[in-house]
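Participant: Sequence:
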Amino acid sequence: MPQFDPSSFASQLFWLIVTFTALFMIVWRFAIPRIGDVMDQRQKMVDDDLERAAQFKAEAESAIATYEKALAEARAQARAVLKESEASLQETQEARQREVSARLAEEIKNGEARIAKARDEALDSLADIAADTAAAAAEKVAGIRPAPDETRKAVAATLEKRAN
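Each residue of the sequence shown is one higher than the one before, counting from 1 in UniProt numbering.
No lab work stands behind these hints, which were simulated from the structure alone. There's no promise every hint is true.
As the list claims (entries may be wrong) - In silico DMTMM-like cross-links for lysine to aspartate or glutamate, where the CA-CA straight-line distance does not exceed 20 Å:
#1 K57 x E73
#2 K117 x D128
#3 K69 x E59
#4 K153 x D132
#5 K83 x E73
#6 K140 x D124
#7 K57 x D47
#8 K117 x E73
#9 K109 x E121
#10 K161 x E107
#11 K153 x D120
#12 K109 x E99
#13 K153 x D128
#14 K161 x E99
#15 K109 x E91
#16 K117 x E107
#17 K161 x D124
#18 K153 x D124
#19 K161 x D149
#20 K140 x D128
#21 K83 x E99
#22 K83 x E94
#23 K69 x E86
#24 K117 x E106
#25 K153 x E112
#26 K161 x E112
Nothing here was measured: the structure is a model prediction, and the numbers come from that model.
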């Protein structure tokens, strides 16, 4: 094999250095900058993606904080509305209860007045009936007819004694 011939080592070494240097210069001038640019672009994309992710995270945290604040305000407002409704309902219930109590008291008062009026009418009627009965009894027993005013006075005095 000719490449293992020691007499051609010097020329092979020369061409190795020339070829290596030329290849090194081509790679150093063209390939490495392109690879570096691609790596820089990729690093920039990764950094941009990380930055956008951080922005999205900050926006999400802000949205969550806003949501929680709005939720807390809504809950507080709901509690206030509930308390207000309970108070309003309590006031309405108390007003209706007072109204019903007043109406019942009025009906009781009117009922008592009607009962008293009916009792007085019955007593007046009873007094007239008792006076007529006493006059008829006196006429049958004694044979005399007493004056109606005297009979009524006597019955009224008797009823008054019994009432006291």
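Participant: Could you tell me which of the numbered hints above are not met by this structure, giving the numbers in increasing order?
Facilitator: Hints 1, 6, 8, 10, 14, 15, 21, 23, 25, 26 not satisfied by this model.
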